[in-house]
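Could you put together the complete structure from these sequences and hints?
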Amino acid sequence: MIAVLFIGCVVLLALGVPVAFSLGGAALAAMVAGHLPVIALPKYMFSGIDVFALMAVPFFILTAELMTGGSLSEVLLRFASQFVGRFRGGLGHTNILTLTFFSGISGSALADAAGPGAIMIRMMKKDGYHAEYAAALTAAVSILGPIIPPSISMIIYALAYPDINLVGLMIAGVVPGIVIAIAMAIINHYVSMRRNYRGVEETLTLRDYLRNTWRALPALVLPVLILGGIASGAFTPTEASVVAVFYALFAGRVVYRTLTWSMLPSILARSAFMSAAVLIIVAMSAVFAWVLTVSRVPQDLTALIVGWQLSPLAFLLAVNVLLLAFGIFIEPLPGIVVLVPILAPIAHALGINDLQFGIIVIVNLTMGMITPPVGGLLFVTSVVAKVPLTRMVKDLWPFMWAQIGVLALLSLVPGLCTWLPASFGFR
Amino acid sequence: MIQRLDAWLLRCNRAAVVAMLAAMALMVFANVVLRFTTDHSIFWVEEVSRYLMIWLTFIGAGPVLRYGGHIGIDTLQERYPRHGPWFRGLILALLVPFFAFMVWIGVRYAMLTWGQTTPVMEIPVGAVYLAMPIGFALLLAHLLLMAAPYVRTKTFVQDDGFDPEAVKL
Numbered sequence: 001m002i003a004v005l006f007i008g009c010v011v012l013l014a015l016g017v018p019v020a021f022s023l024g025g026a027a028l029a030a031m032v033a034g035h036l037p038v039i040a041l042p043k044y045m046f047s048g049i050d051v052f053a054l055m056a057v058p059f060f061i062l063t064a065e066l067m068t069g070g071s072l073s074e075v076l077l078r079f080a081s082q083f084v085g086r087f088r089g090g091l092g093h094t095n096i097l098t099l100t101f102f103s104g105i106s107g108s109a110l111a112d113a114a115g116p117g118a119i120m121i122r123m124m125k126k127d128g129y130h131a132e133y134a135a136a137l138t139a140a141v142s143i144l145g146p147i148i149p150p151s152i153s154m155i156i157y158a159l160a161y162p163d164i165n166l167v168g169l170m171i172a173g174v175v176p177g178i179v180i181a182i183a184m185a186i187i188n189h190y191v192s193m194r195r196n197y198r199g200v201e202e203t204l205t206l207r208d209y210l211r212n213t214w215r216a217l218p219a220l221v222l223p224v225l226i227l228g229g230i231a232s233g234a235f236t237p238t239e240a241s242v243v244a245v246f247y248a249l250f251a252g253r254v255v256y257r258t259l260t261w262s263m264l265p266s267i268l269a270r271s272a273f274m275s276a277a278v279l280i281i282v283a284m285s286a287v288f289a290w291v292l293t294v295s296r297v298p299q300d301l302t303a304l305i306v307g308w309q310l311s312p313l314a315f316l317l318a319v320n321v322l323l324l325a326f327g328i329f330i331e332p333l334p335g336i337v338v339l340v341p342i343l344a345p346i347a348h349a350l351g352i353n354d355l356q357f358g359i360i361v362i363v364n365l366t367m368g369m370i371t372p373p374v375g376g377l378l379f380v381t382s383v384v385a386k387v388p389l390t391r392m393v394k395d396l397w398p399f400m401w402a403q404i405g406v407l408a409l410l411s412l413v414p415g416l417c418t419w420l421p422a423s424f425g426f427r
Numbered sequence: 428m429i430q431r432l433d434a435w436l437l438r439c440n441r442a443a444v445v446a447m448l449a450a451m452a453l454m455v456f457a458n459v460v461l462r463f464t465t466d467h468s469i470f471w472v473e474e475v476s477r478y479l480m481i482w483l484t485f486i487g488a489g490p491v492l493r494y495g496g497h498i499g500i501d502t503l504q505e506r507y508p509r510h511g512p513w514f515r516g517l518i519l520a521l522l523v524p525f526f527a528f529m530v531w532i533g534v535r536y537a538m539l540t541w542g543q544t545t546p547v548m549e550i551p552v553g554a555v556y557l558a559m560p561i562g563f564a565l566l567l568a569h570l571l572l573m574a575a576p577y578v579r580t581k582t583f584v585q586d587d588g589f590d591p592e593a594v595k596l
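Chains as they are written, first to last, in my numbering: chain A, 1 to 427; chain B, 428 to 596.
The set of hints was computed from the structure by calculation and includes no laboratory data. Backbone N, C-alpha and C fix where the C-beta goes; we use that ideal spot for every residue, glycine too. Just to be clear, a hint being listed does not mean it is correct.
What the hints assert, rightly or not - Partial list, derived from the structure: chain A residues whose beta carbon lies under 7 Å from chain B:
hint: 1; residue: V32
hint: 2; residue: L36
hint: 3; residue: A53
hint: 4; residue: D163
hint: 5; residue: V255
hint: 6; residue: L268
Said to hold, decoys possible - Taking lysine-lysine and the DSBU-like style, the derived pairs with C-alpha atoms no more than 35 Å apart in a straight line are:
hint: 7; chain 1: A; residue 1: K394; chain 2: B; residue 2: K581
hint: 8; chain 1: A; residue 1: K125; chain 2: B; residue 2: K581
hint: 9; chain 1: A; residue 1: K43; chain 2: B; residue 2: K581
Now the structure itself:
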């Protein structure tokens with residue numbers, strides 16, 4: 001039964017069958033092979049998505065779409081530029097800072113790259129940066145989207161491994177996100193020195209600072225509202241997500257006045273379709289996970305690996321290598337729904353902190369989006385920058401090495417992931 | 428004739444998901460506002476919005492298929508571009524019976540659960556679960572309507588601004 005499940009799934013995926021139907025089809029084949037009642041298939045499919053907490057997924061998608069529809073990106077960009085624009089490689093630093101802010105609003109990496117990222121790429125090109133470099137930098141920084149809360153990946157992770165606390169996981173993403181942003185800024189600094197990318201030359205008066213900050217304030221409130229609301233316990237993640245939707249609508253319509261009512265239907269349609277594509281995978285993966293559990297794979301594998309008496313660090317190293325390899329071929333979402341139910345219990349049994357492990361898995365799988373050949377972020381940024389993907393790869397390497405370095409740091413120093421949530425009482 | 432029917436189907440399908448997402452957002456937001464201002468909340472919102480999300484998932488899956496928005500791994504197809512139509516023909520041959528089976532099992536499950544009622548609204552549970560057979564029937568319809576251009580040249584329908592890449596998180 002297990003052989004049918006895994007071989008079926010791999011064959012279907014390799015053929016190019018959509019992930020949702022590969023998971024469902026393989027689960028169905030395994031159920032037939034194992035003489036399980038097929039009526040369990042709709043039962044577990046529904047139980048997989050009949051979850052109120054999952055509603056944060058469509059709402060956070062909608063928030064990011066509304067914010068991109070408004071002129072939020074330009075406002076954030078000018079705000080970020082006044083702090084870091086004058087340094088060498090200033091526009092690169094502005095890009096990093098803007099996307100870091102935006103990651104506190106959006107829950108996905110693609111929203112970062114396609115929204116503010118696209119604008120930054122065009123600006124960097126105009127300012128004399130190589131198009132390849134602008135595209136590589138934007139792709140590399142966009143992985144912050146699902147790492148800094150809110151995060152769709154984390155919502156799905158908490159469903160795949162219900163023992164974890166979603167609020168704790170979201171708070172745990174903040175420090176690693178900032179560490180990655182700093183690492184990206186260091187690389188940008190060195191590359192800019194070598195290639196002589198200049199800073200932005202403009203003299204700003206105190207008045208300019210105040211005006212830029214005042215303009216950006218309504219947008220900057222949103223990350224504070226989301227993270228602060230969730231961390232303080234004022235909102236559940238689902239409540240925070242719907243408040244964010246209406247705040248984004250208010251900011252776009254009333255404050256910035258760039259959002260028109262006529263734009264709403266297509267924003268809603270786009271968000272609804274994206275949500276359906278995510279949720280159908282969640283539904284099908286619930287059946288897949290049920291077949292796994294019935295055949296006791298996670299339990300047996302946990303017992304086996306714990307029996308090896310691996311040190312937690314050796315296990316983390318193995319997981320990092322496995323996930324990086326996996327991430328090259330598979331997108332983060334299917335990676336989470338298939339691998340987390342198997343790996344997270346093992347990590348827990350080995351005494352690895354759940355939150356630390358969650359962050360490591362999410363960083364790893366999201367990094368898969370910037371590794372060719374199936375890097376979703378690379379496609380977007382290469383199209384915007386109008387450079388072939390193959391020419392971006394050379395400029396991408398320093399960023400990828402820096403991110404691998406951050407991963408090593410996150411594995412070696414659990415405190416980076418656990419300190420902040422612990423101070424809010426999440427372990 | 429088929430083309431007009433097709434365009435009509437897509438338009439209705441799109442309008443349905445827009446309405447469902449808007450309704451979900453409005454009612455859940457209303458409940459948050461009520462909880463903060465009056466300490467009361469509308470008791471049926473949690474249940475109804477959950478069921479709307481289930482319907483959104485299944486009803487939305489069909490158009491997503493049309494736009495090429497379901498996440499899949501195309502590495503092998505791209506490696507052997509000349510055999511592309513062969514790959515996609517095989518995918519089609521696998522998906523048609525799978526979708527048909529899901530319609531059948533979905534109808535059976537809805538019938539099986541029709542006698543139970545939901546805790547709050549007290550509507551038949553089976554009515555909620557009809558989302559699955561209807562959704563997969565739509566998937567089947569969309570799959571057959573897109574079959575020829577998809578298998579031959581991997582062409583999808585374009586929608587204003589819906590970027591199929593954007594689904595990858």
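Structure-based check of each hint:
For A:V32, the suggested interface contact is broken, since its CB lies about 10 Å from the closest CB of chain B, more than 7 Å. With a least beta-carbon distance of about 13 Å to chain B, the hint placing A:L36 at the interface is violated under the 7 Å criterion. Evaluation of the A:A53 hint against chain B yields a violated restraint, the C-beta minimum of about 10 Å exceeding 7 Å. Violation of the interface hint for A:D163 is found here, the shortest Cβ-Cβ separation to chain B being roughly 22 Å, above the 7 Å cut-off.
Residue-level restraint check for A:V255 is violated (minimum Cβ-Cβ distance to chain B is 18 Å; threshold 7 Å). Taken as an interface hint, A:L268 checks out: its beta carbon lies about 5 Å from the nearest beta carbon of chain B, inside 7 Å. Distance hint between A:K394 and B:K581 is fulfilled; the C-alpha atoms sit about 30 Å from each other, no more than 35 Å. At roughly 33 Å between alpha-carbon atoms, A:K125 and B:K581 fall within 35 Å of each other, so this suggested pair holds.
Taking the CA atoms of A:K43 and B:K581, the gap is about 34 Å. The hint holds against a cut of 35 Å.
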